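Could you put the whole structure together from the sequences, leaning on the hints where they help?
2 protein chains.
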Amino acid sequence: MNQDYIKLNDWSIIEEGFDKENVKSSESIFSLGNGAMGQRANFEEKYSGPTFQGSYIGGVYYPDKTRVGWWKNGYPEYFAKVINAPSWIGINVLVDGEPLDLNTCSRVDNFRRELNMKEGVYYRSFIATLKNDKKVDVKVTRFLSLDLDEVGAIRYEITAVKEDLTVTFSPFLDSGITNEDSNWDDKFWNTTSISSQGNQAFIEAHTMKTNFETCTFMDCQMEYKGKIQNKPDETEEKELWVGHAYQQKIEKGSTVAFYKLGGYTVSRNHKGANLVEAAKEVLGKATKQGFDALLEAQKKAWEGIWEMSDITIEGDTKAQQGIRFNIFQLNQTYLGKDSRLNIGPKGFTGEKYGGSTYWDTEAYCIPFYMATKNHHVARNLLKYRYNHLEKAIANAKKLGFTNGAALYPMVTMNGEECHNEWEITFEEIHRNGAIAFAIYNYFRYTGDYSYIPEMGLEVLIGIARFWHQRATFSKQKNKYVILGVTGPNEYENNVNNNWYTNYMARWCIQYALEQLDKVKAGYKEDYDRIIGYTKLSKSETDEWKEVADAMYFPFSDQLGIYLQQDGFLDKELVTVEDLPKSQRPINQKWSWDRILRSPYIKQADVLQGFYFFEDHFSEEDLEKHFDFYEPFTVHESSLSPCVHSIQAAKLDRMEQAYQFYLRTSRLDLDDYNKEVEEGLHITSMAGTWMSIVEGFGGMRIKNDKLSFTPRIPKEWDSYSFKINFRNRILKILVDKSGAHFELEGDHEMSIRLNGERLVLQPVAKNPVQ
Amino acid sequence: MNQDYIKLNDWSIIEEGFDKENVKSSESIFSLGNGAMGQRANFEEKYSGPTFQGSYIGGVYYPDKTRVGWWKNGYPEYFAKVINAPSWIGINVLVDGEPLDLNTCSRVDNFRRELNMKEGVYYRSFIATLKNDKKVDVKVTRFLSLDLDEVGAIRYEITAVKEDLTVTFSPFLDSGITNEDSNWDDKFWNTTSISSQGNQAFIEAHTMKTNFETCTFMDCQMEYKGKIQNKPDETEEKELWVGHAYQQKIEKGSTVAFYKLGGYTVSRNHKGANLVEAAKEVLGKATKQGFDALLEAQKKAWEGIWEMSDITIEGDTKAQQGIRFNIFQLNQTYLGKDSRLNIGPKGFTGEKYGGSTYWDTEAYCIPFYMATKNHHVARNLLKYRYNHLEKAIANAKKLGFTNGAALYPMVTMNGEECHNEWEITFEEIHRNGAIAFAIYNYFRYTGDYSYIPEMGLEVLIGIARFWHQRATFSKQKNKYVILGVTGPNEYENNVNNNWYTNYMARWCIQYALEQLDKVKAGYKEDYDRIIGYTKLSKSETDEWKEVADAMYFPFSDQLGIYLQQDGFLDKELVTVEDLPKSQRPINQKWSWDRILRSPYIKQADVLQGFYFFEDHFSEEDLEKHFDFYEPFTVHESSLSPCVHSIQAAKLDRMEQAYQFYLRTSRLDLDDYNKEVEEGLHITSMAGTWMSIVEGFGGMRIKNDKLSFTPRIPKEWDSYSFKINFRNRILKILVDKSGAHFELEGDHEMSIRLNGERLVLQPVAKNPVQ
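First to last, the protein sequences are chains A and B. With the first letter of the first sequence counted as 1, position 694 gets the number 694 in the UniProt record's numbering; the numbers rise by one all the way through. With the first letter of the second sequence counted as 1, position 632 gets the number 632 in the UniProt record's numbering; the numbers rise by one all the way through.
Treat the hints as calculated values from the structure; they're not laboratory data. All the pointers check out, no bait thrown in.
Derived EDC-like pairs (lysine to aspartate or glutamate); straight-line CA-CA distance at most 20 angstroms:
(1) B:K72 to A:E675
(2) A:K373 to A:D448
(3) A:K72 to B:E636
(4) A:K65 to A:D185
(5) A:K477 to B:D557
(6) B:K65 to A:D185
(7) B:K65 to B:E180
(8) B:K187 to A:D185
(9) A:K475 to B:D578
(10) A:K479 to B:D566
(11) B:K299 to B:E114
(12) B:K479 to A:E572
(13) B:K24 to B:E180
(14) B:K252 to B:E157
(15) A:K65 to B:D181
Since the structure is predicted, the reported quantities are computational estimates derived from the model, not experimental observations.
Structure below.
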């Protein structure tokens, strides 16, 4: 834990008191997003201190030319980066001619930020004493509308504290922005037009190379004592900037409110349309409602989100705030409306890991979205990969695979691989398995089989073809082996027979073969289309089967455990406990070769396989493997604690499970990794949700039915969560006395609780006690 | 083979006819060097076509900030680059006002370059018809003086072919030069002063960061019909440039000669001195002799070098030219006068592999220098590493090693590691073994033990400490293992128990222990000093011994061979012969992961160990391992064919040995790797020498005695070479009838020929027949 300035509160994230040291960290933590755009918590008014400016538009990226020390064949040419977009939030403020700038003010009192997660609104307030000794009380309200997702709204209120004042608001748009992360200092944006019309202004700019056209817009008005001014006193246009000015004399004790609506219209959502006209249209809708109505609608929209996705924890505010922050950020990042979008590791909160999509989506995020939204959201995430199938086939081809073998990218924005370390790009191929697993998981949870004949089967075939070709036959072992891979534990590179990868490979082939049979039997037309398209033959699937049947798995007879990879037992097996604290985190203290030689595990690897395929193994097996591997695990990936929390809970090791839970849920609030300035760890937040629902709640799907084995950490009085299971809404509350269910709808539902069948009656008949 | 425009000739490299496509290639091949400075074969006069300009000063480098895609702890901050130095060769020419530029001339006839290797002189001549239709016959003679190694000399002669002409020579110095290889477009040079005095000019400039001060200088004169003009008609100074102009009317059929002496004085050789004064002093010496005397001295100096290092081959001009080119380039690069210098893979012929020193020096170059120079030269190369011991200890420390463990760098200029791929920098640690082996090899060959107590033992201790710490104990194997390495075959990364590396590690420890005993017994004072300094204890050396005694070596019982690394037999063992030609070279056709998974070997790995330690293995063993590994070897390293040539010869597979020989000896002349433009492969040239002397000649040192098992390729009538063995000069001539020896000096000498003892009488008594 690296910071503790965030106040504990069930529903809000709160900072009190102005500390310049926290500005960049808070800019991340108080970020706003609405699934279509995002905004770091940068100040509206000028701020001359250190800051990390970030405005992001979903799906708008730049292919930054790859930078490497030593080029290797097969490396991608470009790294697709979510980029800082033209800024719409700026409102410079003059008080009697003196700029308001918290970095240079004489005093800042009562500074407070609140990210009200219940409402989806960000509040900021302070009393500033300026260098000219004038004193203003400022209150800012900001949100990105969920209803009109191209629009953000700001209300900026200034009260004269001790004398009459003249206040000038200078709202502006600025396309002269840069990226902190840029390989070659390329210019990412080209500005094509700047215009002002009355109280509105527009900057049209397009990204270089990708040519995403955007219009950044604003619409302002000022209100003082009931009188509204919606024509600026001045208008100024510069090369990459347009600004207006509104001036108002205000009396001591009175308040002037300045309203700014702003945001983006983007060519990808307005094909062929005039983006300025499109901006005017959405501004028309927004101004027609007005700020207050938009704000109310925002609260209502978030109420709807929370209604379905909230998790309550009684008796542990730290834990409660943590889980809500995670759920809030996930919903800010992705709402599942657009199958061209996905969930970037930093969402809309920073630039790092610039390419948007990782296997995190399939391995961690899909369960959250399946349970807290309707199945269309998860289906859209699956469809995203289906739409990238041709690119995945091209990625594989680049590495020498043929015949429609598909290798999904490690990092991508448009389906092309972006990453450029050979040990990841070319070798961390287990990601392909997660894509297939998500298809299985989606059907298991939602019962919606239609995705498989329509799209999924083609993905499964491409993936099976990849594994078939990637495995090679070892005469010595008389088995198929998979050489030269990096497993989920990235602290091992270029190993042979990573158990997780081999297991995944075999499962992918077997699952593809099963689904081929199933689609053939039940969806003849789809089957014929797909066979025609993929030219899949019996002899080819026989070869797949041969590989799957004879796959090699490293195993220690002596220990009775699967080995993470060939040769794992040759390492010096000193547990993390016996590693001096001064040596950790090893990724900061050790050279890479030392990490690679060590037995230390960055995140679940064998145990990730036990998580995905738990039904294949007994609890004794899990215990044996958990006891062997967890002691070597340093959890230096944000994706590690959640899986271990789930498995510790399953093994009824509740204290350990609780510790893992805290670490995953407050990773960013407490800045465990000393990097929250750069943005939030969005995808691991879905793991936090899994820790409660699958870990403590023990939720599983077994034979098309929900199953629970609820446990509760001793620190908690109770916790509850809600899930959408095949359009049935079920709330589960767990307290010290046990589990309590609240089923919506009209029909009863059969579940399993601790292995026993239980028939739940709808809510009227069986209220939560 | 990629080019064949070089004419076959025993003593010269010749190009005839002007082809712009060959300019950059010839700029490499016709390069000049004198051990202290080097010059690519760039034209003196303006050339507006594609060219790669290169002037280099031994030991003057720039630490270019590292560029990587993804930083890893332990990476070096800088890559030390031999850099392009201010240019001294330029002489622009105007003919009746029209610039002479071979790229834009109307015609170029009789163009010819000759690198006369016997003389160490580079000749260029042509007849140019300019755009103004004037015609000149040009002859240029250039060399870098071996005697005055700060000076190069040019004679530039122009004859008026068909009418009277006015010729203007504009000699200049230019510090406005750039590097083709630059990570961040840094400015490498800072020019501090420019001056002209009479017919001399000077540019003082220092490298940024490293602050090597240099003075680039010139001294010119023009001669026409016996009249000498040594005052320029004009002088011009610009910001980074100084030029003079000499004008002369010449009559049809007559010749004007322009002489330019130029070069560098450098602070590293003139501590605290005024470099302009130093330049004047060396110019004084040179002009006192004059061009013709310098030229004669040059020829004489090269005669001396050839006297000792020439290899003759009768009956095969292609092979003869190849070996002389290799020997010539090695002598141009390094003459052993300065222990601060070493042998860069491209010598003074290009920028690539910017950091100068690789393990190539110890593994490949030292045998050549030991046999063709006196032992001080090889000793200087060893001393270079001794001087870097502290830096090697620092390199190891950076990776987490302690207690004075030393890891010599993969690439370096000043002892610090420069390379930044983890799989090389951190893992290709076998290089440490080559440093120790060179110490052993030096003593074996020269009999000069003094290096070991004076310096070598400390190096051996640092290296043994490294191996002791780098090996870890495998409980499973009950042996010490070395995990996560890259062997000499760089087509495998991060493997466990690379046989070569493990074998080297054990040998290094054993050899260090032996030498500790020997120094203790015979050099008590040195021993005490070293023990005091290193704090080496009995318990520590006992631990070393334990590691060496229990080192693990991967071995296949079934095949009876040592395995290149753990798991090698799990690969798909398809030989190179069965690999489609279209797939080669695999380093251009395949992605890196595919290369890594394949069985293909870039250069000798297990066989490199069999080369170094041949006495440890029977010939049957060698045969078995050669037969197993060579068929998987793609020889995509310039260092590969020579070792295989030697071993094929040993196994009496002469046709194979001859093919390997041709490939190594004409690598650059025939441009096998399509990259000769970038510079020559200097270090592998020493391997070519070994192919003849150790391969065909079968020269070994056994029990302090020379031993030969001579063989001759069927394509050759005879071959001969000369060696300096412990200050005895012996010439060996091998023809179809057998071997013939010519021993210099007064005393007889006992050698072994084909295993039989033979006493050689000095030359007078036993002339070559």
